[in-house]
Structure formats: C-alpha cells, structure tokens
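Visitor: One letter stands for each residue in the lines below.
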Amino acid sequence: CPSSDREEADKYSVLLPTYNERENLPLIVWLLVKYFGESGYNYEIIVIDDGSPDGTLQIAEQLQKIYGDDKIVLRPRAKKLGLGTAYIHGIKHATGNFIIIMDADLSHHPKFIPEFIKKQKEGGYDLVSGTRYRGDGGVYGWDLRRKLISRGANFVTQVLLRPGASDLTGSFRLYKKDVLERLVERCVSKGYVFQMEMIVRARQLGYTIGEVPISFVDRVYGESKLGGNEIVSFLKGLLTLFATT
Amino acid sequence: MTKLLEWLLGVSLVGVAWGLVTFDLLDLQLPAAYKEVAWPMPVYLLVVFGCYSLATIGYRVATFNDCEEAAKELQAQIQEAKDDLKKKGLKM
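From first to last, the protein sequence lines are chains A and R. Quick note, in this note's numbering, the first sequence goes up one by one and the last residue is 245. Quick note, in this note's numbering, the second sequence goes up one by one and the last residue is 1092.
Next up, chain R with everything else stripped away, as it sits in the complex (with noise of 0.2 Å):
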C-alpha cells in the first residue's frame, strides 16, 4: 500500500468514527456529551497537529549545529593538501 493510500485509510475511518458519534449514525443514543466534544475534534486536531509542526521545526532550527570547528578544520587541511600535493608535483 501506498503512504497515498494508508493516508486515505487512516483518514476515512477517522472520518467514519467522527461522523457515527457526532450525528449519531448508528443510532447509539450516545450521551451529549459525547457528541459536544466530538463534534469540534477534526479542527482541534488539525490545530493541534500545526502548532506541533511550527514547534517542532523551531526547535530543530534553533538547534540545528553550527560546524565552526569542522570549517576550521577544513581550512587548515586544505592548505596542508595544497603544500603536500605540490612538493609532489601536481600543478594546479
């Protein structure tokens, strides 16, 4: 199965239960409450998943590492490859 599909699955039977405890489908005489709480869920769900995201990418942002050393590091090798290669002949 595709993650196209599994997607579509997963949010059909969401969909489904949503649907059968919000309008009552199935007839369950389910109490008020239960449809007063699932009846908003789809958005909450939604929102809740946003402010997740833009956390969560934040602090990966935040806390992306900067490679200062590594650059460093880098530059003093480039130079020693430079020095070697030449003392070995390579024209560059």
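Excised from the complex, chain A in its bound form (with noise of 0.2 Å):
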C-alpha cells in the first residue's frame, strides 16, 4: 500500500548539540529512545559534542554501546563552534529525510516529537515549530520578570515582523532535511536572533510552517543570563530583520 511504504521510508534525524552535558545526554536519550520506540517512527540521534571538557563524549559512547550505534551518531566538533555550524554538520551525516532541532538540557521533552510528527503529516508542512505561547504551551520555572521580557520581546517581534507564527525564539523544530539545509545556508545571525531568522526566511521562501504546544521545563533560569546584554543583542537582531527581510 503505497502511503505506508511512504511512512514506512520516512526517517527522523534529531540533531543534539551539547557542551557539557554529561548529566543530561543519558536522560535526553533515553527518552528519545522511549518515545520513538513507543511511536515505531524510524529515527537516529546524533550528537554533536563541542570537544565539551566535562566528559560528554565518554558518556555519550556508552550510551552507543547501549543503544547501538546506528540509533547514536556521535560527530563531535574539536571546540565551541555555535549552532548554525553544528546544524550543517549534522545535516551532512544525517540519513533521516526530517530533521528534529532540539535543547539536550532537558527544557524540551521528547514526548512531543511524536506530535510533531502528526502535525506535518497532517499538514504536510515544510517545518513545524514548537510553540509556548499557545493553546496548553507553557513554561515551568520562569518568574515574573522573565515571562514579561518574554512576552515583551514576542510581541515586539510580531508587530514588526508579523511572521505568521506565534514562538519565534523557540528552537524544538521539526524541519524537512532539504528545507533545513536552504535555510542554514541563508541565516546569518547568532543565538535568538538565528531561530527568528530561520522562520522568517522560511516565510519568505514560501515554506508552510505547523505550530504545536509544547512545555518548556527551564532547570537552568539560576544559572543562565537573561540580562541587559542579551536583551540589546536581541533588539539590535530584530531591528537588522525588521530592515533587510
């Protein structure tokens, strides 16, 4: 029957950037594990490790003597290289035809990838974004402060950009490998401002976007910065979009 051999084809590479994740990856992977083994989707996880000082590596060939290293794809990098770079290196060594984007810090939960899924089926979307600002989306351990900058900076970057999706800043993404690559290749700014730059491109290349919730479970708010500095950086982003897209 001719759609089920489609879906039986059908192959989800998930991406994993990490620096210093030696506790997380083992987590991040077995619920990876658990929730493509429980949906039957054909899948692989590649890690790409930034020469991270703390061990990932090691950890994470355990977890390929575990689970088989055709399900884990280890493609580490000598050094800290940034993310733009660490997608195009994992879409070199990807052999999936959908490739998932997601945090390896446990702030994304796997149990959604297998909606992701359904919703491009459904849609036959070109990419399907993770969204916290809809329907039961949400987040766990943000404080005032941080749900007003948030909420500040999303509808800042709606009215100037009206980008026809709702979470801009979000990066648990489910693309079509080729759609992927066009657009890593055409992106030129970094941290926030990059996934902003990659659904405003997408639009402008005529792609389809699909939104699903998703809950994001930030450990990290103690220790990560969302200070003056970041703030400046991402305006100075929007507004260079807001000017040359």
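In case anyone wonders, no lab produced these hints; they're calculated from the structure. Predicted, not measured: the structure shown is a model, and the values here were computed from it. A portion of the hints provided could be inaccurate.
Output of the computed footprint for chain R on chain A, the stretches with three or more beta carbons under 8 Å from beta carbons of chain R [claimed, not checked]:
# : region
1 : 60 to 74
2 : 141 to 147
3 : 208 to 218
Built from N, CA and C at the ideal position, the CB exists for glycine as well.
The task is to assemble the complex, starting from two chains supplied on their own in separate frames and drawing on the hints.
Guide: What follows is the structure in structure tokens.
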C-alpha cells in the first residue's frame, strides 16, 4: 500500500548539539529512545559535542554501546563553534529525511516529537515549530520578570515582523531535511535571533509552518543569563531582520 | 519589500492623508469638523496603540501557562531513566 511504504521510508534524525551535558545527555537519549520506540518511527540521534571538557563525549560513547551505533551517531567537533555550523555539520551526517532540532538540557521533552510528526503529516508542513505561547504550551520555572521580557519581546517581534508563527525564539522544531539545509545556508544571525531568522526566511521562501504547543521546563534559569546584554543584542538582531527582510 | 519599507510606505500614506485633511492641502473646503478630528489623530492613535500593547502583553503574561505537571513528570522520568540506565550498564 503506497502510503504505508512512504511512512516506512520516513526517518527522523534528531540533532543534539552538546556542550557540557554529561548529566543530561543520557537522560535525553533515554527519553528519545522511549518515545520513538513507542511510536514506531525510524530514527537516529546525532550527538554533536563541541569538545566538552566534562566528558560528555565519553558518556555518549557508552550510550552508543547500549543503544547501537545506528541509533546513536557521534559527530563531535574540536571546540565550541556555534549552533548554525552544528546544524550544518549534523545535516551532513543525517540519514533521515526529517531533522528534529532541540535542546539537550531537558528543557524540551521528547514526548512532543510524535505530536510534531503527526502535525507534519497532517498538513504536509515544511517545518513544525514548538510554541510556548499558544494552546496549552507554556513554561515552568520562570518568574514574573522573565515572563514579562519573553512576552514583551515576542509582542514587539510580532508587530515588526508579522512572521506567521507565535514562537520565534523557540528551538524545538521539526524540519524537512532539504528545507533546513536551504535555511541554514541563508541565515547569518546568532543566538535567539538565529532561530527567529530561520522562521522569517522560511516564510520568505514560501515554506509552510505548522505549530504544536509544547511545555518548556527551564531548569537552568538560575544560572543562565537574561541580562541587559542579551536584550540589547536581541533588539539589534530584531531591527536588522526588520530592515533586511 | 522589506518590513521596514512596508512600514515607511504605510506611515507615509497615513501621513499624507492626515496632512491633506488637516491642512486642507488640496483646497477641498472640507467642513471644519473634519480638520478638528483629524488634527490630533496621530497622537491619539499612538496612545491607543500604546494602551493596546500594554493590555495585550499584560494579558499574555497573566495567562502564561505554568507547566507544573510537566516539571513533575520530568522529575519522575529522570529517576526512571537513571535506574534503567544503571541496569543497562551506564556508569555516570
């Protein structure tokens, strides 16, 4: 039956760029294996470690022995080189026709991946974006200040860019492989703005975007910084997108 | 056209329309009422937009979902994962 052949042929490559994720990597891999296993979809997990000094790569090698090197693919790099190039590097080695990007620190939960896949199949979307701002999407671990900054920044972004997606700085997404390739080629920004630029360029190129509400569990907020510098560089990046796209 | 250009175009169109009505640049002999209403419009619209923005952001912050259940579930699964991985031979 043609449609089930196509479904059997679909393979999902999960890109996990890691830096000092020795504690979290086994946990996220375990969750990925659990939910992919239950769903029956074909998958691989590509760990792109940027020379973590804490032994992340060694843990990854252990995981490879446990789950098999067809499921856990290691493509490390010598040093911290940034997200855009990590995606490019990962795509080169991906054998799937779909790519899932997500954070490796457990803020993104693999239980949403089957929902992403279902959404993508429903609408034939070129990319599916996890949103914290719609439906029953949300966040855990954010205080009022953080929520205010997040909603405020998102509002300004919506007014200026009218991007057709509710969550632009999110990094939990499913892309068709060739779509991700084309987009990463064209994107020049860094950090939060890089993820925004991907969505904006996707719209420019006429790609279709689906959304799935996700929960974002922030366990590192205490340590992570969202200070003046971050906000200023976000605004700079936003204005650049405003003026150039 | 970039978003910036779209905005400049939109603002120019609105600006021209406002100027035409307020200063009667086309000599249309519009009733005084039109001019009186048009003159404060730009400031009025900015204030309305400002209020709308604050209200919208306020509403969205107030209704921002707190995913308590998700956090609890994650904690439980982390423990499950650690136990299972230890069984499978992972040395953490």
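Visitor: A separate judgement is required for each hint: does it hold in the structure or not?
Guide: Cross-check of the supplied hints:
Restraint check on the region 60 to 74 of chain A versus chain R: 4 residues with Cβ-Cβ distances below 8 Å, three needed, restraint holds. Evaluation of the coverage hint for the region 141 to 147 of chain A: fulfilled, as 4 residues show C-beta separations to chain R shorter than 8 Å, against a requirement of three. Closer than 8 Å: that is the beta-carbon criterion, and the region 208 to 218 of chain A has 3 residues meeting it against chain R, so the requirement of 3 holds.
Hint violations for this structure: none, all hints satisfied.
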